[in-house]
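Enquirer: As given, the protein sequences belong to chains E and V, one line each in that order.
First residue of the first sequence: 1, per the working numbering; consecutive thereafter.
First residue of the second sequence: 115, per the working numbering; consecutive thereafter.
Please keep in mind that the hints were generated in silico from the structure rather than gathered at the bench.
It is possible that some hints are incorrect.
Stated by the list, open to error - Calculated lysine-lysine pairs in the BS3-like style (CA-CA distance at most 27 Å, straight line):
hint, chain 1, residue 1, chain 2, residue 2
1, E, LYS71, E, LYS54
2, V, LYS166, V, LYS132
3, V, LYS155, E, LYS106
4, V, LYS132, E, LYS71
5, E, LYS71, V, LYS166
6, V, LYS154, E, LYS109
7, E, LYS5, V, LYS132
8, E, LYS54, E, LYS106
9, V, LYS155, E, LYS68
10, V, LYS166, E, LYS109
11, E, LYS54, V, LYS154
12, E, LYS71, V, LYS150
13, E, LYS71, E, LYS109
14, E, LYS68, E, LYS106
15, E, LYS109, V, LYS155
What the hints assert, rightly or not - Covered stretches of chain E (in silico footprint by chain V; criterion: 3 or more residues with CB under 8 Å from a CB of chain V, positions within the stretch not fixed):
hint, stretch
16, 64-78
17, 102-114
Just so it is clear, CB atoms sit at the ideal spot from N, CA and C, and this is done for glycine as well.
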Amino acid sequence: DQQVKQNSPSLSVQEGRISILNCDYTNSMFDYFLWYKKYPAEGPTFLISISSIKDKNEDGRFTVFLNKSAKHLSLHIVPSQPGDSAVYFCAADSTQGGSEKLVFGKGTKLTVNP
Amino acid sequence: ETGVTQTPRHLVMGMTNKKSLKCEQHLGHNAMYWYKQSAKKPLELMFVYNFKEQTENNSVPSRFSPECPNSSHLFLHLHTLQPEDSALYLCASSQNLVGGQFFGPGTRLTVL
Numbered sequence: 001d002q003q004v005k006q007n008s009p010s011l012s013v014q015e016g017r018i019s020i021l022n023c024d025y026t027n028s029m030f031d032y033f034l035w036y037k038k039y040p041a042e043g044p045t046f047l048i049s050i051s052s053i054k055d056k057n058e059d060g061r062f063t064v065f066l067n068k069s070a071k072h073l074s075l076h077i078v079p080s081q082p083g084d085s086a087v088y089f090c091a092a093d094s095t096q097g098g099s100e101k102l103v104f105g106k107g108t109k110l111t112v113n114p
Numbered sequence: 115e116t117g118v119t120q121t122p123r124h125l126v127m128g129m130t131n132k133k134s135l136k137c138e139q140h141l142g143h144n145a146m147y148w149y150k151q152s153a154k155k156p157l158e159l160m161f162v163y164n165f166k167e168q169t170e171n172n173s174v175p176s177r178f179s180p181e182c183p184n185s186s187h188l189f190l191h192l193h194t195l196q197p198e199d200s201a202l203y204l205c206a207s208s209q210n211l212v213g214g215q216f217f218g219p220g221t222r223l224t225v226l
């Protein structure tokens, strides 16, 4: 049973437009969420995170929105750039657990076309 | 060197071989992790070490044996693997959950 789901395996957008990557989770104990970006032949790179006490966190072109009632979070990239083309992983954790164990989604491959 | 490094980057081994993957972090973190990434599957957590002590073994078969001699180094010893163990093995480290885990580049393992 997948606790973190990224239902879109791929997304294609034009340069300059907004990219919206979605993630759903099922475990109501999750209270900390992260987005990672992965280029081919490299490990995932941390991008942005959000705690469940917030509903929005912004860092430059990247904004993460959290809707706790819907158990849904999204990553917005605006404006999208060709260098943003990568696989984006959503991850979730329950900070009450103490083991710092992250549960990852399968990833969404973003392609930004020039 | 900075960040999290992993060696080798690529490894091909037979089912009767014994090999080891190495991970080193230069970030002063106290926790280290092994993950497995198979095609079209989510990242799967295998092991967690906190201050050199194993705190998580996610039902990993005994043919995978981790070792953490100190907070900066983590090994994954492999023996009598199966072809379905072919995957990308990622090491990560963290200090706490602020900023998340930092990943190494991974070792692409192929078992013949």
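Enquirer: Now tell me, hint by hint, if it's right for this structure.
Expert: Against the structure, the hints:
1. LYS71/E <-> LYS54/E: holds, 13 Å
2. LYS166/V <-> LYS132/V: holds, 23 Å
3. LYS155/V <-> LYS106/E: holds, 6 Å
4. LYS132/V <-> LYS71/E: Answer violated: LYS132/V to LYS71/E is near 44 Å, above 27 Å.
5. LYS71/E <-> LYS166/V: violated, 35 Å
6. LYS154/V <-> LYS109/E: holds, 11 Å
7. LYS5/E <-> LYS132/V: violated, 35 Å
8. LYS54/E <-> LYS106/E: Status holds; Cα separation ~24 Å.
9. LYS155/V <-> LYS68/E: holds, 25 Å
10. LYS166/V <-> LYS109/E: violated, 35 Å
11. LYS54/E <-> LYS154/V: violated, 31 Å
12. LYS71/E <-> LYS150/V: holds, 26 Å
13. LYS71/E <-> LYS109/E: With a Cα-Cα distance of about 22 Å, the restraint between LYS71/E and LYS109/E holds, given a limit of 27 Å.
14. LYS68/E <-> LYS106/E: holds, 21 Å
15. LYS109/E <-> LYS155/V: holds, 13 Å
16. 64-78: Contact hint for the stretch 64-78 of chain E vs chain V: violated, 0 residues under 8 Å.
17. 102-114: Holds: 6 residues of the stretch 102-114 of chain E have a Cβ under 8 Å from chain V.
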